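Chain by chain, the residues:
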Amino acid sequence: MNGGPALVSIMRQGSTLIASVHTALDDSELVRFEHDLIHQIGEHRSRGVIIDVAALDVIDSFAALTLRRIAEMARLRGALTVLVGIQPEVAFTMVRLGMGTGQVPTALDLEEGLALLAAHPGAGTDSTERDARPGSTP
Amino acid sequence: MVRRIVHARVGSHPSAEDLVQETLTRVLAASATIEPGMLEPYAIVTARNVVASMWRDADRRRRNQHRVVDLSTPDLPDSQVVLDEEQSAMATALARLGERERRTLLEHEVSGTDTHTLAARAGSTAGAVAAQLNRTRARLRVEYVLAAEQAELPTDQCRAVLIALSGGDQRRQREVRAAQHLLECELCARLSEPLLERGQQRDDRLRIPVTADPDIVSARRAARELASRLDFAATDLTVIATAVSEVCRNIVRFAGTGEVVVELLEVPRRGIQVVARDGGPGIPDIDRALDDGFSTYGGLGLGLPGVRRLMDEFAIASEPGHGTTVTMTKWERTHDG
Ligand SMILES: [Zn+2]
Numbered sequence: 001m002n003g004g005p006a007l008v009s010i011m012r013q014g015s016t017l018i019a020s021v022h023t024a025l026d027d028s029e030l031v032r033f034e035h036d037l038i039h040q041i042g043e044h045r046s047r048g049v050i051i052d053v054a055a056l057d058v059i060d061s062f063a064a065l066t067l068r069r070i071a072e073m074a075r076l077r078g079a080l081t082v083l084v085g086i087q088p089e090v091a092f093t094m095v096r097l098g099m100g101t102g103q104v105p106t107a108l109d110l111e112e113g114l115a116l117l118a119a120h121p122g123a124g125t126d127s128t129e130r131d132a133r134p135g136s137t138p
Numbered sequence: 139m140v141r142r143i144v145h146a147r148v149g150s151h152p153s154a155e156d157l158v159q160e161t162l163t164r165v166l167a168a169s170a171t172i173e174p175g176m177l178e179p180y181a182i183v184t185a186r187n188v189v190a191s192m193w194r195d196a197d198r199r200r201r202n203q204h205r206v207v208d209l210s211t212p213d214l215p216d217s218q219v220v221l222d223e224e225q226s227a228m229a230t231a232l233a234r235l236g237e238r239e240r241r242t243l244l245e246h247e248v249s250g251t252d253t254h255t256l257a258a259r260a261g262s263t264a265g266a267v268a269a270q271l272n273r274t275r276a277r278l279r280v281e282y283v284l285a286a287e288q289a290e291l292p293t294d295q296c297r298a299v300l301i302a303l304s305g306g307d308q309r310r311q312r313e314v315r316a317a318q319h320l321l322e323c324e325l326c327a328r329l330s331e332p333l334l335e336r337g338q339q340r341d342d343r344l345r346i347p348v349t350a351d352p353d354i355v356s357a358r359r360a361a362r363e364l365a366s367r368l369d370f371a372a373t374d375l376t377v378i379a380t381a382v383s384e385v386c387r388n389i390v391r392f393a394g395t396g397e398v399v400v401e402l403l404e405v406p407r408r409g410i411q412v413v414a415r416d417g418g419p420g421i422p423d424i425d426r427a428l429d430d431g432f433s434t435y436g437g438l439g440l441g442l443p444g445v446r447r448l449m450d451e452f453a454i455a456s457e458p459g460h461g462t463t464v465t466m467t468k469w470e471r472t473h474d475g
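Order-wise, the sequence lines are chains Y and H.
Residue numbers 1 to 138, in our numbering, belong to the letters of the first sequence in order.
Residue numbers 139 to 475, in our numbering, belong to the letters of the second sequence in order.
Only chain Y is shown next, with the shape it has when bound in the complex (with noise of 0.2 angstroms):
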């Protein structure tokens, strides 16, 4: 916002955006993150999202709707989200809140989201041209 880090930074790695939570975010904050990140898929045509989610210590309802609402959206532009990161004990308590991450797949850390994205053909990081492959999700 005004000249402070960054809450979040989303950094682009061929058709692959990566998204990192830096520090726990407010309802609007994550708010502006689902609607940059969501800008960012759109203008970059990506076709991998990884939201790497490590230096959340509490992920409630809203944070884990927000979540689920942005993978959504970027399935529906053609891109497939990986949440990395995910605490043990933030699982636990998300699954004890009846929440859980629903249909988006989770990983580890990066280096296995980035391998969950590449071995779903359209999704990975490639070192070929990038070119726009209208529908090539699975």
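Because the hints were derived from the structure by calculation, they are not lab data.
All values derive from a computational prediction rather than experimental measurement.
Heads up, a few of these hints could be off.
Label-pair ranges, simulated between beta-carbon atoms [stated by the list, open to error]: (1) Glu111/Y to Ala266/H: 32 to 40 angstroms; (2) His39/Y to Arg407/H: 49 to 57 angstroms; (3) Gly236/H to Arg75/Y: 50 to 58 angstroms; (4) Gln40/Y to Arg391/H: 23 to 31 angstroms; (5) Glu72/Y to Ala371/H: 29 to 37 angstroms.
Now the stretches of chain Y that chain H is said to cover, found in silico as 3 or more residues with beta-carbon under 8 angstroms [claimed, not checked]: (6) 22-29; (7) 52-63; (8) 85-97.
We put the beta carbon where it would ideally sit given N, CA and C, even for glycine.
We have chain Y already, so just place chain H with the ligand on it with the hints.
Chain H with the ligand alone, transformed into the frame defined by chain Y:
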């Protein structure tokens, strides 16, 4: 005891506890925009400003007791002298802490580094780090009062007594024979007053006003911190923070304004109690709000069934038109991991 009361200064300067809290709150609020290396100098400058503004407020109130209060009245020259004294007292107090103590306190309060992270780095436990932080805060309050009063301690025992009182540590108070010392030492009897003013009941009880999104994060962070003083497992700390987050969101979304009171319990056993209250529209049908099918978020639900599953005790009282109160408790239990 009589002597202590006679010597007590009544409202002559802001309580040390208020100052420490206010300073840390301000530094915390600004921490997102400060370079890490700048935190310490910034904290000291902020402390000075807080002291200055609190003094100004108190001073104005006194001056304007019999008139209409005008907060824009410029400072009068004679108050400036006292103001400078108060400022340097806080700066002196911060400087008197050990470098490691001060750094840990600032890293915790300013950068928001939690006790688990600090413990991992120091090869210690979260409980030990939390206890150390409490001792540092207690010490800071003492050093502030000493600097503000420009007091010379008459005996070697004085500082230990004052710190034990400031920290509300009853075992330590017995060890240093604090009660007896207060009866014998006029200075400590006088200085103990501002130290005892707030410390005790504030130490294990926090009240957080909740009106906007950022308050949800502050409240759950505060609850986690308080809970981490007990021997909760890491999972329970997350569970507590998450439950607080949910009830606070209901306040912000459905009532607009309210508060959360978090309190450590000793009886019937150790645990943490959270009371979330608002004066909002209330919940017309509580049974329905607690029904899982109805209450998943997304729709209009309140997320209450999930919260109830997270906590050990859960009670809700609501009166349409008059607000809602949720009371919930998590008990400490021995954990195996
Ligand atoms: Zn003494």
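Structure-based check of each hint:
Checked against the given bound of 32 to 40 angstroms, the beta carbons of glutamate 111/Y and alanine 266/H, roughly 34 angstroms apart, stay inside it. Histidine 39/Y and arginine 407/H have their C-beta atoms about 51 angstroms apart, which keeps the hinted 49 to 57 angstroms range intact. The hint said 50 to 58 angstroms for the Cβ distance between glycine 236/H and arginine 75/Y, and at roughly 54 angstroms that hint holds. The given range of 23 to 31 angstroms is respected by glutamine 40/Y and arginine 391/H, whose C-beta atoms sit roughly 28 angstroms from each other.
Checked against the hint of 29 to 37 angstroms, the C-beta distance between glutamate 72/Y and alanine 371/H comes to roughly 34 angstroms, which is consistent with it. Against chain H, the segment 22-29 of chain Y contributes 7 residues with a C-beta closer than 8 angstroms to a partner C-beta. That satisfies the three-residue criterion, and the hint holds. For the segment 52-63 of chain Y, the assignment as covered by chain H holds, since 6 residues bring a beta-carbon within under 8 angstroms of that chain's beta-carbons and 3 suffice. For a cut-off of 8 angstroms, the count of residues in the segment 85-97 of chain Y with a CB near a CB of chain H stands at 8, and the three-residue condition holds.
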